[in-house]
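Asker: The lines below spell out each chain.
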Amino acid sequence: MSELQIRTMADYMASGETPEILFWVGCAGCAGSFDDRAKKITKAIVKILNHANVKFAVLGTEESCTGDPAKRAGNEFLFQMQAMTNITVMNGYEVKKIVTGCPHCFNTLKNEYPSLGGKYEVIHHTQLMQELLDNGRIKIEGGNFKGKKITFHDPCYLGRGNDVYEAPRSVMINLDAELAEMKRSRQNGLCCGAGGAQMFKEAEKGNKEVNVERSEEALALNPDVIAVGCPFCMTMMTDGVKHFNKENTVKVLDVAELIAQANDL
Amino acid sequence: MVSIIIFILLFGGGFAFFFYNVSKIRRNILLGKDIDRTDNPAARWKMMLLVAFGQKKMFSRPIPAILHLFLYVAFVITQVELIEIVLDGGLNNHRMFRPALGGFYTFMVSFIEILSVLAFIGTIAFLARRNLLKVPRLVKSELNGWPKLDANFILLGEITLICFIFMMNGADEVLYSRGVSHAQDLGDGSLGLTISSHLGPMLFGGMSDHSLHIIERIGWWGHICMVLGFLNYLPYSKHFHILLAFPNVYYASLEEKGKFTNLESVTNEVKAMMDPSFTPPAADPNIPMRFGAKEVTDLHWKQLLDAYTCTECGRCTSACPANITGKVLSPRLIMMKTRDRLEEVGKNIDANKGELKDDGKSLLHDYITPEELWACTSCNACVQECPVNIDPLSIIMDLRRYLVMEQSAAPTELNMMFNNMENNGAPWQFSPSDRLNWKNEA
Chain A
3 MSELQIRTMA DYMASGETPE ILFWVGCAGC AGSFDDRAKK ITKAIVKILN
53 HANVKFAVLG TEESCTGDPA KRAGNEFLFQ MQAMTNITVM NGYEVKKIVT
103 GCPHCFNTLK NEYPSLGGKY EVIHHTQLMQ ELLDNGRIKI EGGNFKGKKI
153 TFHDPCYLGR GNDVYEAPRS VMINLDAELA EMKRSRQNGL CCGAGGAQMF
203 KEAEKGNKEV NVERSEEALA LNPDVIAVGC PFCMTMMTDG VKHFNKENTV
253 KVLDVAELIA QANDL
Chain B
57 MVSIIIFILL FGGGFAFFFY NVSKIRRNIL LGKDIDRTDN PAARWKMMLL
107 VAFGQKKMFS RPIPAILHLF LYVAFVITQV ELIEIVLDGG LNNHRMFRPA
157 LGGFYTFMVS FIEILSVLAF IGTIAFLARR NLLKVPRLVK SELNGWPKLD
207 ANFILLGEIT LICFIFMMNG ADEVLYSRGV SHAQDLGDGS LGLTISSHLG
257 PMLFGGMSDH SLHIIERIGW WGHICMVLGF LNYLPYSKHF HILLAFPNVY
307 YASLEEKGKF TNLESVTNEV KAMMDPSFTP PAADPNIPMR FGAKEVTDLH
357 WKQLLDAYTC TECGRCTSAC PANITGKVLS PRLIMMKTRD RLEEVGKNID
407 ANKGELKDDG KSLLHDYITP EELWACTSCN ACVQECPVNI DPLSIIMDLR
457 RYLVMEQSAA PTELNMMFNN MENNGAPWQF SPSDRLNWKN EA
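Chains as they are written, first to last, in the numbering used here: chain A, 3 to 267; chain B, 57 to 498.
Rather than coming from a laboratory, the hints here were simulated on the basis of the structure.
Model, not experiment: these values are computed from the prediction.
Ideal Cβ positions, reconstructed from N, Cα and C, are used throughout, including at glycine.
A hint or two may mislead.
Partner residues are not named here, just some residues of chain B that face chain A (Cβ under 8 Å, in silico) [claimed, not checked]: (1) Phe-316; (2) Trp-430; (3) Met-477.
Each computed PhoX-like pair below joins lysine-lysine, with the alpha-carbon atoms no more than 25 Å apart [as the list claims (entries may be wrong)]: (4) Lys-207/A - Lys-350/B; (5) Lys-141/A - Lys-99/A; (6) Lys-350/B - Lys-185/A.
Per label pair, the in silico range of CB-to-CB distance [claimed, not checked]: (7) Glu-320/B - Lys-141/A: 43 to 51 Å; (8) Asn-475/B - Asn-52/A: 32 to 40 Å; (9) Gln-135/B - Lys-210/A: 41 to 49 Å; (10) Gln-135/B - Asn-224/A: 50 to 58 Å.
Input sequences plus hints: build the corresponding full structure.
Answerer: Shown next as structure tokens:
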């Protein structure tokens, strides 16, 4: 495996170059920049970007939380402070296009930053993979997922929140795997339970955890892989699969990991 | 002559009282804050045609959608016949359109009769779904009391209305065949109504002319009384959706569902904080400065229109992940409570000569509890489900904002998350300088 090629915006600036796209790593769900599980997703995305020779940059230590969890929790002050700090940094670098590894960052940057002065073209990493496929910059082969059963769990902020249902599916279709749909999918997809800042608190009193309800539905299909497109969902579905003691037979993988692994990146 | 006077009084009075109540509801809705939802009329009309007129979102659940379609189409088309009934009543005529319209008249009234039969079937099925089959979302305990009664009243009212139509038409068919109907005799021996020309003789064939005239009149007056009664029941009922669905869909948000509003009042404060040279625009002294919503008057008018439009079908609640897993949150109940509180505020204003007198209560805490609000995952399933584009999530978010920004009443773990974000630029307790460490951990 070749070494990952990662340059920061500051690196580009110093060399007088302009990257094609900014990769917004994110920190929320599983801490894309911090948590070990999420770091694997981050690296998978980087591997794909490297493989396709995409000239991308990260903000590195200049990145700060988009403010999404604060906003959904009702703390509009904190959200806007985060937003304006990030906008100042990104406008300083004249950022035009952003890809995120998280639907929450994606939604916030795309929908809630413009009226605060941050106007960028923002895409989710599954949309970027689709673009790269369409432009012939990457090819996807089934690899070890050929013939395996995969079910995709729609992230709320990618699907219902922004009407992106097909990009992850059309990328995965290239894996030659069997894509099985849960009864509640696309517009009717059931939340993993982490949105709206639930990730950071105990759930309210009830008779079941939302992630258990959702994992049960996914596991009923007897999949080899539960595919996700969000670090929040990754945590919730992984825990849900563990709840049913299925972690040895059912993998929870991000779409980016599926593509990177299939291509032996 | 007497009947004309009674008719005109009844009709005029019925409409006057209806408009009186509607004006009160309009006043209540406009207690909400202003929001501009007049942009992009082309997209709005399209959305209204598809979602409200075309019932598009109903069809995600085909069985109730078809049953509902029967009632909906019957309701819309029957209004055509109502024109004749009103003119007949006001001018003391009987089936005044028939001689002029001929075959088209027979077609229209027959069409309405067929729709009425379908609506009858739909209504019976709806009663069964509520009271016998006990469809979960229709028998939840949050509907106990008035909401359940309200739903059954409406359905029974619809059945009564349909019965009156067939009494009127059935008896008239028999009278016409005997040549004694008050309708102008065109020498064709039958009014030719698809259902009543069979049903009439079957039910009323053996009765005397006198009895038939009475039955026909009971049907006619019963029908018009039911129509006016129904009209005036609407403002007191969840059934108001039959009218409000249209404006409610028209004024619904055109934005992506994931996009939440940015509070402008906050933007000004944050800008002032970050840039000392920034001068915030002068605040309107009439609007109390409050972040988020504590009371119905803190919500905007569209959120209040949503509350009056909700017909408590419960699709939102049945799709809500919090509700499915036994939490107290029910998006439907959020809408019902908002309407209840708004009605209470409206009555308060009426009783106090147009001024809202503090009753020591508020939407937040007295109606909607923090436990409900904190159970929400903001997944937008409720918004997606609503057949008339109601947005319960926006109300939940505005109330959360008040809890957090005005009362500092966020759950402890969320306060920790806020602290982390303020100090580290991340919701977790990690140092921002470690942000790029993953790069070197191949």
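Asker: Please go over all the hints and tell whether each is borne out by the structure.
Answerer: Outcome of the hint check:
For Phe-316/B, the interface hint holds, the least distance from its beta-carbon to any beta-carbon of chain A being 6 Å, beneath 8 Å. At its closest, the beta carbon of Trp-430/B sits 6 Å from a beta carbon of chain A; the interface hint therefore holds under the 8 Å criterion. Annotation: interface hint on Met-477/B holds; nearest CB of chain A at approximately 5 Å, less than 8 Å. Distance restraint check for Lys-207/A and Lys-350/B: the Cα-Cα separation of roughly 24 Å lies within the 25 Å cut-off, and the hinted pair is therefore satisfied.
Among the hinted pairs, Lys-141/A with Lys-99/A is consistent with the structure: their alpha-carbon atoms are about 23 Å apart, no more than 25 Å. Restraint check for Lys-350/B and Lys-185/A: not satisfied, since their Cα atoms lie roughly 38 Å apart, outside the 25 Å limit. A C-beta distance of roughly 48 Å is found between Glu-320/B and Lys-141/A, which places it inside the suggested range of 43 to 51 Å. Against the hinted window of 32 to 40 Å, the Cβ-Cβ separation of Asn-475/B and Asn-52/A comes to about 36 Å, which satisfies the hint.
Between Gln-135/B and Lys-210/A the C-beta distance comes to about 47 Å, which sits within the given range of 41 to 49 Å. Evaluation of the 50 to 58 Å hint for Gln-135/B and Asn-224/A yields a pass: the beta carbon distance comes to about 54 Å.
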